[in-house]
Every structure is written in C-alpha cells, then in structure tokens.
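For chain A, the structure is supplied; the task is to place chain B on it using the hints.
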Amino acid sequence: MRVARWLAGAAVLGALAYLNFFVFRAPLLVKLINVSLFSALFVLYRVIRGPSAADRIIAVDILGVLSIGILALLGLHHDQGFFMDIALIWALLSFVASLAFAKILEGRRLDD
Amino acid sequence: MIRHTIGMAFIWLGIAFDFLGVLGLIRLPDVYNRLQAATKCVTFGSAGLLFGVFILKGFTSFGFKVLLAVAFIFLTSPIAAHAIARAAHRSRIPLCPESVVDLYEADHELNKEGGDAAA
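These protein sequence lines are chains A and B, in that order.
For the numbering used here, add 6 to where a residue sits in the first sequence, where the first one is 1.
For the numbering used here, add 6 to where a residue sits in the second sequence, where the first one is 1.
With the rest of the complex left out, here is chain A:
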C-alpha cells in the first residue's frame, strides 16, 4: 500500500515535470513560474484537508511567501517594477494576519 502511494506520487510529479519542461513550449521563466504554481496547488491541498486549525494557518502563511516569489518572477518576466510593490504589501499583510491568527488560536485577546 505504501509502495503504491509512493509510486503514484512519483508518477504524478514526474508527469508534471515532463509536461512542464519538455512538452510545454515557453520561455524558461514561465516554466519556473509554473513550478511555483504547482507548489501553491499542493499547499491548497493542505489548506483544505488540514486536520487542525494550525495546519491551515501554516499553509496560508506559506502560500503568502510563495506568492511573493511568484510575483518577483512575474516582474522579472514582464520587466516591470510594480509587481514588487504588490509583493511588499502582500508580505506585510501576511505577517500581520499570521500573528493575529496565532493569537486567536492561543485564546488571547488581540489587544493583549
């Protein structure tokens, strides 16, 4: 059973890598953005099926950090600087939201 699950996961990842890097015809930066987007999809799995609330909080936090990387690569691909403004504001809001969620999970008030 474990071997079957390992083989299924390896087959899915290998198929994604093959389709992304050898079939899909695009510039290299677009392929790298695709890898980050696959990672965000896997993080969404943990958001939906997390056993506890802390898993979902961690996953949303990691999703924010991944989005910063995706935005930086998009700005590099389009050669435009305003993507980094969005990324900076996203980082700030993600940090504040993580701290607020952690305090609520711990059972304290927000002005404590």
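Hints listed in this document are in silico derivations from the structure and should not be mistaken for laboratory results.
Heads up, some of the hints might be wrong.
[Unchecked claim] Label pairs and their calculated CB-CB ranges: (1) A:31 to B:8: 21 to 29 Å; (2) B:46 to A:103: 15 to 23 Å; (3) A:31 to B:101: 42 to 50 Å; (4) B:77 to A:109: 23 to 31 Å; (5) A:99 to B:106: 19 to 27 Å; (6) A:31 to B:106: 47 to 55 Å; (7) B:101 to A:36: 36 to 44 Å; (8) B:98 to A:83: 41 to 49 Å; (9) B:116 to A:28: 55 to 63 Å.
[Said to hold, decoys possible] Now the stretches of chain A that chain B is said to cover, found in silico as 3 or more residues with beta-carbon under 8 Å: (10) 38 to 44; (11) 60 to 73; (12) 80 to 88; (13) 91 to 98.
Even for Gly, the Cβ is constructed at its ideal location relative to N, Cα and C.
What follows is chain B alone, placed relative to chain A:
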C-alpha cells in the same frame, strides 16, 4: 553574462527549495514537523529566489524593492513561525505518536508546580 548565470543559479535554487518545502508540508505527520520543514525551506527558497532577481536586476529601483522584500522576509517569517508554534502547543494540538520528547511541556509543568510564577 556571468551575472546572468549567477542570478539564474540562485533562482533555480530558490525554486527547488520552495518545492521541497511544500513537499514536506504535505508529507510530514505532525503540525510541528510541517512547520519546521515548510518555514525553513520556504523562507530560504523565496529569499534566495528574490536575491537571484536582485542580482539579475542590479541597483535599479526594482532591485532595491527586491532587496527590501528579502530583508522583510528574513525579519518577519521566523517571528510568525514562532508565534504559530507556540499557539499550537498552547492550544493542546497533540504531537505525532512517534515523538520522543516534549521539553516545552515539561518546562510548563515545572513552572506550574513552582506555584507563584504567574506566567
């Protein structure tokens, strides 16, 4: 040309660390293990990726904004991770059954037996 090579190497390294961190986030059995893998790898991954973009763009306004984002991630991501881990442990989310030792819980019990420690 050499700058382009070094920047793309940093970007590849960052993408690889991002992907491995997310894989750890899916596969590991416990909240704390997941937090360890995900935070360490994604922080270094995204920060390395942004540093690669900074090397590619040089000292322009884009590059300085990327450098600011790197500094912000390095300052804030460990704080958020620490807060989440502390909150998860205080809200009694159990460890996985294979765990060996829980020193934070032992320390907490010791403080409670001490009596007058209000915290």
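Task: Earlier hints that do not hold, by number - done: Structure breaks hint 5 only.
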